Amino acid sequence: MAQVKLTVVRGKPQIKDITQSAGTAISGSDAMELNIDYTKMTKGDALVMIDNLRAEIFASPWPML
Numbered sequence: 299m300a301q302v303k304l305t306v307v308r309g310k311p312q313i314k315d316i317t318q319s320a321g322t323a324i325s326g327s328d329a330m331e332l333n334i335d336y337t338k339m340t341k342g343d344a345l346v347m348i349d350n351l352r353a354e355i356f357a358s359p360w361p362m363l
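If you read the sequence shown in the working numbering, its first letter stands for residue 299, the second for the next number, and so on.
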């Protein structure tokens, strides 16, 4: 598998709260997608969550999963 999906929820900032699951193929290789539901989220919340994803990628073995 060459794809991974990382899920982080606002208010759960710990690396242990970020889930990894099978990802779906996106057009082209060497690409990433980031979907944000900002209904109840500030820009600051989004940036903190992106930092948490960065920490998860850094702490995980590579390739992930």
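Incorrect hints may have been included.
[To be verified] Here are the computed distance ranges between Cβ atoms for each label pair:
#1 Trp360 with Lys338: 27 to 35 Å
#2 Pro359 with Lys338: 29 to 37 Å
#3 Ile355 with Arg308: 12 to 20 Å
#4 Gly342 with Ile313: 30 to 38 Å
#5 Gly342 with Lys314: 28 to 36 Å
#6 Lys341 with Ile313: 19 to 27 Å
#7 Lys338 with Ala300: 32 to 40 Å
#8 Gly326 with Arg352: 31 to 39 Å
#9 Pro361 with Thr340: 27 to 35 Å
#10 Gly321 with Phe356: 27 to 35 Å
#11 Gly342 with Ala320: 17 to 25 Å
#12 Ala320 with Ala357: 28 to 36 Å
#13 Lys341 with Asp315: 31 to 39 Å
#14 Pro311 with Asn333: 30 to 38 Å
[As the list claims (entries may be wrong)] Quick list of in silico lysine-lysine cross-link-like pairs, PhoX-like style, CA-CA up to 25 Å:
#15 Lys338 with Lys303
#16 Lys314 with Lys338
#17 Lys341 with Lys303
#18 Lys303 with Lys314
#19 Lys338 with Lys310
#20 Lys341 with Lys314
#21 Lys341 with Lys310
Since the hints were made in silico from the structure, they are not lab data. It should be emphasised that the depicted structure is a prediction, and the values quoted were computed from it without experimental measurement. For each residue, glycine too, the CB sits at the ideal point set by N, CA and C.
Do the hints match the structure? See the list:
In this structure the supplied range 27 to 35 Å holds for Trp360 paired with Lys338, their Cβ-Cβ distance being about 33 Å. Between Pro359 and Lys338 the Cβ separation comes to about 33 Å, which falls inside the hinted range of 29 to 37 Å. Evaluation of the 12 to 20 Å hint for Ile355 and Arg308 yields a pass: the beta carbon distance comes to about 19 Å. Distance hint check: the CB atoms of Gly342 and Ile313 are about 19 Å apart, inconsistent with the given range 30 to 38 Å.
About 22 Å separates the C-beta atoms of Gly342 and Lys314, a value inconsistent with the hinted range of 28 to 36 Å. Checked against the hint of 19 to 27 Å, the pair Lys341 and Ile313 passes, with Cβ atoms roughly 22 Å apart. At roughly 33 Å, the beta carbons of Lys338 and Ala300 sit within the given window of 32 to 40 Å. Taking the beta carbon of each, Gly326 and Arg352 are about 22 Å apart, not inside 31 to 39 Å as hinted.
One distance hint, 27 to 35 Å for the beta-carbon pair Pro361 and Thr340, holds here, with the actual separation near 33 Å. Restraint check, Gly321 to Phe356: a C-beta distance of roughly 18 Å breaks the suggested window 27 to 35 Å. Between Gly342 and Ala320 the Cβ separation comes to about 30 Å, which falls outside the hinted range of 17 to 25 Å. Checked against the hint of 28 to 36 Å, the C-beta distance between Ala320 and Ala357 comes to roughly 20 Å, which is inconsistent with it.
Restraint check, Lys341 to Asp315: a C-beta distance of roughly 21 Å breaks the suggested window 31 to 39 Å. For Pro311 paired with Asn333, a C-beta distance near 19 Å fails the hint of 30 to 38 Å. For the given pair, Lys338 sits about 22 Å from Lys303 by alpha-carbon distance, which is consistent with the 25 Å threshold. Straight-line distance between C-alpha atoms of Lys314 and Lys338 comes to about 23 Å, which keeps the hinted pair within the 25 Å bound.
Pair hint Lys341 plus Lys303 holds up; C-alpha atoms about 22 Å apart against a cutoff of 25 Å. The suggested pairing of Lys303 with Lys314 holds, with an alpha-carbon distance near 15 Å, which does not exceed 25 Å. Of the supplied pair hints, the one linking Lys338 and Lys310 holds, its CA atoms being roughly 15 Å apart against a limit of 25 Å. A threshold of 25 Å between alpha carbons decides the hint, and for Lys341 with Lys314 the separation of about 23 Å falls inside it, so the pair holds.
For the given pair, Lys341 sits about 16 Å from Lys310 by alpha-carbon distance, which is consistent with the 25 Å threshold.
The earlier numbered hints that this structure contradicts are 4, 5, 8, 10, 11, 12, 13, 14.
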